[in-house]
Every structure is written in C-alpha cells, then in structure tokens.
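Chains as they are written, first to last, in my numbering: chain A, 2 to 113; chain B, 35 to 148.
Honestly, I wouldn't trust all of these hints.
[As the list claims (entries may be wrong)] Short derived list, chain A residues pointing at chain B, Cβ under 8 Å:
#	residue
1	Gly41
2	Lys71
3	Leu101
Please keep in mind that the hints were generated in silico from the structure rather than gathered at the bench.
For each residue, glycine too, the CB sits at the ideal point set by N, CA and C.
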Amino acid sequence: GQQLNQSPQSMFIQEGEDVSMNCTSSSIFNTWLWYKQDPGEGPVLLIALYKAGELTSNGRLTAQFGITRKDSFLNISASIPSDVGIYFCAGQLAGANSKLTFGKGITLSVRP
Amino acid sequence: GAGVSQSPSNKVTEKGKDVELRCDPISGHTALYWYRQSLGQGLEFLIYFQGNSAPDKSGLPSDRFSAERTGGSVSTLTIQRTQQEDSAVYLCASSPQGGLSVLTFGAGSRLTVL
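With the hints as constraints, model all of the structure from the sequences given.
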C-alpha cells in the first residue's frame, strides 16, 4: 500500500525559531493534508492542499503541495510553546472513495 | 452533535475479553473511518464506511476485529478475545463525503488490555 514518510520522529526547537517538516511518498497523491494532535485529543486539521504547486498559509503555518505530487512540507514560523504536539501529514488518492493515508508523525517540542 | 463523539474514552479489560467501542459521527457525514494509534506510532487505517457502499476492511489486522455502521450513522468497532498488543488509542473520524473531503476526528478511545 501507499506509504508516507516523515522524519525525524522528534524535533526539538527553541521558542521563536522557525521549523520545517517534510513528507514524502513513492505514490502520487491528489490531496495533501497536515494535522496536529495535542495530547489526549484527536488530530485536528491545519492545512489542506488540493493542487500541485499550491502554497497555502494559515497564520504562522505555511504548507506546500510539491510539484511532483509526491511530497509536501509544512513550515511553522516564530514557534510558541503551544505548537508542541504531533504533526501528521496525510495523502489522498483521486477517486470518490479514496481513504487517507497518514505518515507516522513528527513530535515537536518547543523549549521556552 | 457538533463533533465526533467516541465512547468510552478509556477502557481497561482483561486479555481474552471482548470490547466494543462506539463512534457517533457528525450529523450528515456519510464517510466514517476507524484508525488505531499505538504508543509512539502513526495512524493505522482499520476500516472505512462510505454511504451505502461496502466498507473497505483492508486495514483490519485480524478476524478478531470487526465493525459495523447502523443506519449510516453510529459505528461500533468490536475486538474479540483481546490481546495485549491490541492496547492502543482507537480514533474515529468522519467527513461529509469520501474523496476530497477532510476528516474530523474524535478524541479517541484508549484501550488497555491487561
């Protein structure tokens, strides 16, 4: 089946720093999504990308849908302590009944 | 309701017992997914319901796992003869339709098998 690769498994940054996360796949996806999961909660959608090359921002977050349709990145600028959590990328193939495939996630820690 | 509701939020059971986990999706959402999240792991797809179509069961790890969705709304995930390796958080999500719709997740049911 399709696999999404996220690495490293954990990232540690200082408050105020920018951080970039990448997600790659051997398969072509039609939709890329980025989710964040806080402890004890379900993942919450951050950004959805629907077209190759699309660059979308949501506050301090910016995500891009790679031109090859096999990758996506998420940038967080000027990190704050509440940015801690697990960040998942997810991809979806074309088709009305396609299911989402998730990466293993990156755990982000922000030092004050 | 306003969001995806899952119950119980926590379940502790003994090895060999059966458990049922419930998911109440957002009203009107036709697509419903179950995922499993083990400690330190990503989201493992289990099963997907879309409207009246046959469910995609390709992610169920063994025949001890089953799920049904009654009336196109509430779903129940059943794990029979639980094993310790079944311990995980079971997440349910729904969307207005399959295809290009984004998922809204519940808070999950944490299962601990002793």
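Hint check:
| no. | hint | verdict |
| --- | --- | --- |
| 1 | Gly41 | holds (7 Å) |
| 2 | Lys71 | violated (18 Å) |
| 3 | Leu101 | holds (6 Å) |
Checked against the numbered hints above, the structure breaks only hint 2 and satisfies the rest.
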